[in-house]
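So the chains spell out like this:
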Amino acid sequence: MALGLVELVVFILVPAFLAGVAGSVLGIGGGIFLVPYLTLMPGLGLSLQEAIATSLIGVIATSSGAASVYVRDRLTNLRLGMFLEVATSAGAIAGALVAVYVNTVALFLTFGAVVAFAAAYMLRTREGPRERAELPAEETGLARRLGLSSVYFDPEDGAVYRYRVIRPMAGFAASAVAGGVSGLLGVGGGFIKVPAMNVMMRVPVKVAIATSNFMIGVTAAASALIYFSRGLVEPGVAAMAVVGVFLGTLVGTRVLVRVPAREIRILFAALLGAVGIAMVGKGLGVIP
Amino acid sequence: MKDFPHGAGDYARWRVNILRRAVVAEVADINRGIAHVLRGGVLVSVGVLLAGLGIAAFEGRGMPTSVLEPQQLLGPLSTLRPAALLSLGILVLILTPVVRVALSLVGFLRERDRAYIGIASVVLLNLCVAFLVGVL
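Same order as they appear, the protein sequences are chains A and B.
Using my numbering, read the first sequence as starting at 1 and increasing by one per residue.
Using my numbering, read the second sequence as starting at 1 and increasing by one per residue.
In short, the hints are calculated from the structure, not lab data.
Do not rely on the hints blindly, as some may be mistaken.
[Stated by the list, open to error] Looking from chain A toward chain B, a few residues come up when the C-beta cut is under 7 Å (computed):
1) Leu5
2) Ile57
3) Ser68
4) Val71
5) Val86
6) Ala90
7) Ala94
8) Gly158
9) Ala222
10) Ala224
11) Gly236
12) Val243
In this text, all values refer to a predicted model and were calculated from it rather than measured experimentally.
Glycine residues also receive a C-beta, built at the ideal position from the N, C-alpha and C atoms.
Construct the complete structure from the given sequences, taking the supplied hints into account.
In structure tokens:
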């Protein structure tokens, strides 16, 4: 089916713009919104595989567009990102390979529970200027050797915060899971990485979001290349999605640095809650 | 004293700028080029895609319905076919993160940072494996 320019602008550009804003503010690729939208929207006529392929292109655009700003502003922890990318990329390959054998009901129910737990945890812990200024006392050997701890400037209160990264291997394991999910479901996996970095590794939430955003491009690129060479990318839809997402990241990256960390955490917890409910619903067969 | 701010609003802005610059200076910028590569890749991709969308709309024959394989790109590209432009733009975008990882590896090599040379190599290797898994 060939869509005209006007239809593309209305049905793709606007939702892609919103996905770009949400993706850059929450550190996710936006695939969690784009895949359901592209498959459920009548009139687009995309199969699930085509929707995933097109969404992956949008995810790369979100990641690269937002990451270029966050890397420039030194919000992204490049070393932490590279370190965890080892786990996400390996996990993505494993996920893509075992996708056929996995019991999806158990998978969705497990993830629903994990995500709901992370949501509750993010709502419960506080991250005001005082909590950020309080450094965790211990820095394990590996985190020190890899030089993971860093410093960032937060325009929210115009202050510089030094943070220490702890439990690098726990974050590594969580990232491998995030990569696996991304290989299985065709999403970026930011909804696992951000809480993992923030809650387990004690990375400030904005740094966690910027770093997650930075990593998602690599994970999505691997799978996108596969879908692209199989001819599953719908060029008109993907092109308009990229333009929309790009415009969205221009807005979203300005929002993230200014909004208080507390509000971002609440927003993220709301996202996790919605994802958890949707996954449990999918697992139980309530949602198609 | 030319730079010194007058008034509360000016002072706040001056302080924020100083702090921001201090952080930028402190975080060792091994990967100075990364932000440029990411932005450049996205801008080139968006530009090519907009040209493709524009030409397709101008010709009024509807959007192309499938992407071209990389080998097929060169011919139609010289005649500015929308299908070729859209495929090229998407390909540039997909390869942007891959180039970014390769560039990080070069940065770590230059720094002789052994741990991160290993880490970046494994990520690049994983990307290659993922690609091979998909093709085979």
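Verification of the hints:
Given hint, Leu5 (chain A) at the interface with chain B, holds; its Cβ is 4 Å from that chain's nearest Cβ, closer than 7 Å. The beta carbon of Ile57 (chain A) comes within 6 Å of a beta carbon in chain B, closer than 7 Å, and the hint placing it at the interface holds. Taking 7 Å as the C-beta cut-off, the interface hint given for Ser68 (chain A) holds, the closest approach to chain B being about 4 Å. Here the hint on Val71 (chain A) is kept, as its CB sits about 4 Å from the closest CB of chain B, short of 7 Å.
Among the interface hints, the one on Val86 (chain A) holds; its C-beta lies about 5 Å from the nearest C-beta in chain B, closer than the 7 Å criterion. Because the beta carbon of Ala90 (chain A) sits about 6 Å from the nearest beta carbon in chain B, less than 7 Å, this interface hint is met. Taking 7 Å as the C-beta contact cut-off toward chain B, the hint placing Ala94 (chain A) at the interface is violated, the least distance being around 10 Å. Annotation: interface hint on Gly158 (chain A) holds; nearest CB of chain B at approximately 5 Å, less than 7 Å.
Because the closest C-beta pair between Ala222 (chain A) and chain B is about 3 Å apart, less than 7 Å, the hint holds. The restraint placing Ala224 (chain A) at the interface with chain B holds, with a minimum CB-CB distance near 5 Å, inside the 7 Å limit. Interface hint at Gly236 (chain A): satisfied, since its Cβ lies 3 Å from the closest Cβ of chain B, which is below the 7 Å cut-off. For the restraint placing Val243 (chain A) at the interface with chain B, the shortest Cβ-Cβ distance is roughly 6 Å, inside the 7 Å limit, so the hint holds.
Of the numbered hints stated above, the single one contradicted by the structure is hint 7.
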